[in-house]
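Peer 1: All chains should be built: construct the whole structure from the sequences, respecting the hints.
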Amino acid sequence: MKFTLSWLKNHLDTTASVAEVCAALNKIGLEVEAVEDKATALAAFTIARVIEAKQHPNADRLRVCMVDTGAGEPVQVVCGAPNARTGMKSVFSPPGTYIPGKDITLGKGVIRGVESNGMLCSSAELELSNDHDGIIDLPDDAPVGMAYAAWAGLDDPVIEIAVTPNRADALGVHGIARDLAAAGLGTCKDINVKPVKSTEPCPVSVSLAFDAHDRHLCPSFGLRLIRGVRNGPSPGWVQARLRAIGLRPINALVDVTNFMTFAVNRPLHVFDADKVHGNLVVRRAKAGESIVALDGKTYQLGDDHVVIVDDNGVESLAGVMGGQSSGCDENTVNVLVESALWDPLTVARTGRALGINSDARYRFERGVDPDFCLPGLDLATQMIVELCGGEPTQFVLAGETPDTSRFIDFPWSEVQRLTGLVLPVPEMKLALVELGFHVSGSGDNVRVSPPSWRGDIEGKADLVEEIVRIAGLDRVAAIPFPRLVDEVPKPVLTVLQKRTRLAKRTLATRGLVEAVTWSFIAHDEATHFGGGKAALRLANPIAADLSDMRPSLLPGLIRAAQRNADRGFGDVALFEVGQVFLGDGEDDQRMSAAALRRGAARASGTGRHWDGAAREIGALDAKEDALALLSSLGVATGGLQIVPGGPDWMHPGRSATLQFGPKGVIGAFGEIHPRTLKLLDVKGPLVAFELHLDGLPLPKAKPTKMKPKLRLAEFQPVTRDLAFVVDAGVAAGEMARLAAQADRALIADVAVFDIYEGDKVEAGKKSVALAVTLQPTEKTMTDAEIEAVAGKVVAEMVKRFGASLRG
Amino acid sequence: MTDLSTLERDTLAAIAAAPDEAALEAVRIAALGKAGAISGLLKMLGAMTPDERKEQGPLINGLRDRVTAALSKARECLADAALNARLASERIDVSLPVRESPEARGRLHPISQVIDEITAIFGDMGFSIAEGPDVETDDLNFTKLNFPEGHPAREMHDTFFFAPDKDGKRKLLRTHTSPVQVRTMLANKPPMRVICPGRTYRCDSDQTHTPMFHQVEGLVIDKGSNLGHLKWILQEFCKSFFEVPDVKMRFRPSFFPFTEPSVEVDIQCSRKGGELRFGEGEDWLEILGCGMVHPNVLRNVGIDPDVYQGFAWGMGIDRIAMLKYGMPDLRPFFEADVRWLQHYGFRPLDFPTLAGGLSG
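Chains A and B, in that order, are what the protein sequence lines are. Quick note: the first sequence uses this note's numbering, first residue 1, plus one each step. Quick note: the second sequence uses this note's numbering, first residue 1, plus one each step.
Everything labelled a hint here was simulated from the structure, so no lab data went into it. It is possible that part of the hints are untrue.
[What the hints assert, rightly or not] No more than 30 Å apart at the CA atoms, straight line, and that leaves these computed lysine-lysine pairs for DSBU-like:
(1) K678(A) - K623(A)
(2) K286(A) - K169(B)
(3) K533(A) - K166(B)
(4) K239(B) - K166(B)
(5) K169(B) - K533(A)
[Claimed, not checked] So these bits of chain B aren't anywhere near chain A, every CB distance computed over 10 Å:
(6) A35
(7) M48
(8) D51
(9) L59
(10) M125
(11) L186
(12) E243
(13) D246
(14) R250
(15) Q268
(16) N300
(17) R319
[Said to hold, decoys possible] Covered by chain A, per the in silico footprint, the following chain B stretches (three or more residues, Cβ under 8 Å):
(18) 127 to 133
(19) 339 to 345
Treat the numbers as computed from the prediction; the structure is a model and nothing was measured. Cβ atoms here follow ideal geometry from the backbone N, Cα and C, with glycine treated the same way.
Peer 2: Put into structure tokens, the structure is as follows:
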């Protein structure tokens with residue numbers, strides 16, 4: 001919403017400066033977005049007279065002008081304008097002036113050998129128009145030496161405010177004045193609406209053709225004919241105001257409707273009565289109907305839209321835009337003026353559906369003052385008669401003004417209850433009264449009736465807001481917020497929250513960099529990773545490849561890794577901890593953690609190094625990341641099973657499922673499947689793990705924080721190395737696990753310290769070397785006892801894996 | 001007794017002259033070995049008369065002690081020299097670059113860091129962290145929050161919707177974290193104090209908007225919390241979060257469907273040399289929206305607005321991260337460019353705490 005300071009002062013009796021007005025607007029919730037003050041911007045430009053204009057001695061197209069600036073001696077200026085001539089009055093700027101149209105600061109100069117001490121300016125140089133054909137040519141009575149902006153009436157600052165959706169009443173200058181007056185900035189002037197007197201009835205009737213349940217679409221519609229108007233350009237002051245706020249003056253009748261819209265928030269429509277055939281009917285549009293609107297565009301209509309029709313068809317789109325065929329132009333002699341109320345929702349939907357953003361729509365969809373519908377018609381009539389002459393008829397009214405009167409029982413103490421601010425009752429009452437509220441009763445509880453233009457006021461809290469915004473939120477003092485109980489704060493994070501943040505830090509300590517990727521991915525990717533369900537497909541995605549909620553973090557990470565590789569960073573290690581979606585139910589969202597490594601981005605170091613050849617990452621790097629994460633989260637991994645083969649998007653022979661039993665799958669690790677790489681159009685190999693943090697076993701609740709008692713063995717551990725030859729397909733990890741079970745009492749640890757496949761073992765076989773550590777608890781072991789345990793391990797390996805002890 | 005002094009002089013000279021362990025050992029054997037000269041003299045002590053022994057004993061023993069000490073010292077010197085010689089030959093190139101440690105390479109995304117910072121501050125004030133699903137119902141995202149029917153936010157051009165189910169109800173991606181507040185109020189009884197950080201979505205994409213972004217909201221419901229308390233919390237939060245001794249804030253009346261009165265908050269700042277600083281300057285920067293929870297919202301979750309009251313606020317996590325740490329543009333937050341992440345990300349062990357300071 002834009003308005004000028006002088007326009008405001010037509011409605012507000014005040015001596016406040018622009019700065020004071022703006023400060024007050026911000027304070028009361030009408031946020032100032034911009035102030036354009038031409039008087040300040042053009043302060044250095046003054047009216048001057050060209051005493052003499054001579055041909056420049058060295059340039060055909062230049063003139064040397066002696067200029068009377070009204071301040072001392074005449075000034076010599078070299079001017080290139082074709083219209084510079086002796087005796088003319090124009091606009092002068094001295095050296096040092098910033099010229100907005102050229103974005104330069106003027107200096108003294110010598111132009112083709114002649115000194116120039118300033119500039120005579122074109123309208124374009126002052127950014128007042130696009131006219132740069134010549135310097136501004138002012139009438140003879142323009143006073144030399146006066147600031148040009150003030151003389152030209154440009155010294156009227158334009159203020160633009162942002163109006164929140166609840167404040168429809170502030171979409172007119174008068175409503176803004178009322179708010180400012182309540183805030184102590186002056187006195188709001190009454191709008192002097194005299195009822196228009198006429199003995200002649202309006203010859204055109206209006207009928208509201210709605211079913212009973214549709215009556216709200218147009219509660220009331222007022223119409224009046226004015227005969228014998230002379231429509232032409234509106235007076236300069238009207239045009240100046242409209243131009244200042246960015247509107248194009250059209251003709252007096254149309255300008256009056258725009259003026260009324262901005263001055264008093266009363267959108268109107270004018271029909272050329274001679275182009276209207278028969279009476280007016282207001283109804284829902286019918287499918288197939290269309291209208292050529294005032295913007296020259298044709299709109300197809302349906303029964304969602306409300307229209308005004310005559311015998312010829314649709315003449316106007318209710319509350320949104322009028323039609324071209326019955327519009328007013330300079331030949332209009334008889335005019336029908338419409339002032340109506342429209343259903344805000346319908347206006348909003350029609351405007352949105354048809355893509356029309358008009359000032360009328362903007363106001364009707366927020367709700368205009370219903371009680372001002374007929375006074376607005378009278379006020380517009382007065383203005384039309386003043387500007388264009390003519391004889392008004394009586395008005396006709398279809399429907400009736402809805403009764404919006406209501407009251408709120410209001411204890412003054414509510415202000416303190418909700419804001420902490422203690423205000424004297426008279427001040428609170430005055431604020432409400434100034435805003436147009438009616439306050440009845442006395443004492444602690446009063447009855448408050450909101451004015452007709454405040455449809456947004458529903459209850460006590462709204463009244464508190466009114467009082468406090470007028471008093472000023474700066475008067476609400478900050479009050480220390482007490483703790484619920486006077487003690488050291490208790491931990492607030494849940495297990496999952498703690499695990500989520502610890503997971504991020506753990507993965508980062510492994511050299512992985514945290515990415516945050518979109519929650520939505522392409523449909524084919526979602527499908528490939530086990531998602532793509534209809535329920536998780538957006539009806540209106542922002543882009544075709546961001547259409548489905550992700551079932552996994554991996555597609556986003558894989559794509560991100562490739563983007564980095566494309567930029568020359570191929571050894572990339574990324575992770576993400578975030579939500580994935582298994583369905584649209586509220587329990588179908590999971591907190592997933594995933595890490596992806598590419599190229600030679602291993603945890604121990606990235607890329608090539610003098611210390612050894614760069615080894616490409618393998619699936620077991622991802623396993624290491626996954627197990628490091630579980631360990632860091634304190635998940636007991638004793639029961640963790642690593643089952644060969646991961647999900648479909650992983651290489652079947654180089655991946656595994658991580659699970660606590662068949663029903664306790666927590667995730668997987670492995671190399672990304674070549675087909676997946678192809679689908680995503682990325683280069684591999686890539687390795688990754690992904691697991692759901694909310695699927696991990698919860699820590700056991702314990703009564704105390706005591707750790708189990710430490711029992712240190714008194715006897716030294718001994719280690720025996722045993723190498724076995726087994727089939728190449730045997731799982732070495734399983735061998736180690738079962739070897740440890742050969743004597744649970746004595747075997748403390750089994751490590752796989754060497755794997756060999758090659759010439760020294762039979763084809764199809766491999767050698768697996770285990771280091772078995774024995775921890776005696778009773779006494780130092782004899783060689784025979786050690787050999788006995790080693791024998792048990794060997795027997796177990798032979799039995800379970802067909803292993804033979806390597807010589 | 002010149003024998004003894006000659007023997008001593010010769011032996012000590014031989015010790016001093018011994019070039020290595022082996023030569024020294026030869027000297028030792030010659031002097032103190034089984035058939036050594038000094039061993040021989042010591043053996044003779046037994047055959048002497050007590051008077052002779054009294055005289056010769058100390059002399060011979062003294063000789064033996066001095067030779068033993070000299071041998072031991074010489075051995076030490078030789079060992080030292082040998083070690084020095086070995087050390088002189090042992091040299092590595094200390095300039096060789098070592099592998100960068102994983103802790104030095106890994107980074108946390110600024111969003112994670114800022115959520116941890118916010119958690120540290122509000123956790124200390126006794127707020128717990130509430131979370132909810134990203135896929136929400138229209139009821140929790142809009143209706144319960146007092147959004148009127150026909151509100152522009154409920155249209156397809158602002159909000160991501162899913163296809164309608166068989167009952168014609170369509171789910172949506174939450175446009176704010178406010179439905180988590182509703183869930184909290186439905187599931188708990190006052191008093192409550194929660195913050196709700198999370199991902200939010202709007203159909204918007206330009207320089208300053210991304211279709212996905214992060215918000216944190218706060219909610220307090222009890223029998224006495226008012227706008228004054230809210231002002232204090234926000235002031236203390238901004239001071240603590242931006243790590244400045246003081247901030248100046250401006251509270252402007254505003255409008256949100258779910259609060260009444262509603263307030264927008266600006267924070268004073270300066271922009272000297274392109275660097276944003278808080279607690280000084282002439283500019284105002286809008287930072288958050290807040291207000292007293294609307295009585296309709298309280299009624300919608302079964303809380304009597306005449307008995308209970310409270311406030312809520314919300315702000316963009318990405319936005320306050322940009323303000324604090326100086327990222328100029330929002331879009332790279334979600335592009336996973338490792339150069340950006342390395343530069344604007346945080347070291348893995350920079351865990352923000354109030355005791356140790358939020359940032360390192």
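Peer 1: For each hint, tell me whether it holds in the structure or not.
Peer 2: Structure-based check of all given hints:
1. Between the alpha carbons of K678(A) and K623(A) the distance comes to roughly 23 Å, so the proposed pair stays at or under 30 Å and holds.
2. Distance restraint check for K286(A) and K169(B): the Cα-Cα separation of roughly 28 Å lies within the 30 Å cut-off, and the hinted pair is therefore satisfied.
3. The hinted pair formed by K533(A) and K166(B) meets the criterion: a straight-line CA distance of about 15 Å does not exceed 30 Å.
4. For the hint pairing K239(B) with K166(B), the CA-to-CA distance comes to about 50 Å; that exceeds 30 Å, so the pair is violated.
5. Simply put, K169(B) and K533(A) have alpha-carbon atoms about 17 Å apart, close enough for the 30 Å limit, and the pair holds.
6. No beta-carbon of chain A comes within 10 Å of the beta-carbon of A35(B); the shortest separation is about 44 Å.
7. A cut-off of 10 Å between C-beta atoms confirms that M48(B) is not in contact with chain A; the least separation is 53 Å.
8. No beta-carbon of chain A is positioned within 10 Å of the beta-carbon of D51(B); the least distance is around 58 Å.
9. No beta-carbon of chain A comes within 10 Å of the beta-carbon of L59(B); the shortest separation is about 52 Å.
10. Its beta-carbon lying about 7 Å from the closest one in chain A, M125(B) breaks the requirement of being farther than 10 Å from that chain.
11. The Cβ of L186(B) lies farther than 10 Å from every Cβ of chain A, with a closest approach of about 12 Å, so its non-interface assignment holds.
12. Distance check for E243(B) against chain A: the nearest CB is about 19 Å away, which clears 10 Å, and the non-interface claim stands.
13. The claim that D246(B) lies off the interface holds: its Cβ sits roughly 12 Å from the closest Cβ of chain A, which is beyond the 10 Å cut-off.
14. With a least CB separation of 8 Å from chain A, R250(B) falls inside the 10 Å interface cut-off, contrary to its annotation.
15. Its beta-carbon lying about 13 Å from the closest one in chain A, Q268(B) satisfies the requirement of being farther than 10 Å from that chain.
16. Look at N300(B): its CB is around 14 Å from the nearest CB on chain A, clear of 10 Å, so calling it non-interface holds up.
17. Non-interface status of R319(B) relative to chain A is upheld: no Cβ of that chain comes within 10 Å, the nearest being about 15 Å off.
18. Check result for the stretch 127 to 133 of chain B against chain A: holds, 6 residues qualifying (beta carbon to beta carbon below 8 Å, three or more required).
19. Proximity of the stretch 339 to 345 of chain B to chain A, defined as three or more residues with a beta carbon under 8 Å from a beta carbon of that chain, is established by the 4 residues found.
Hint compliance for this structure: hints 4, 10, 14 are not met, and every other hint is.
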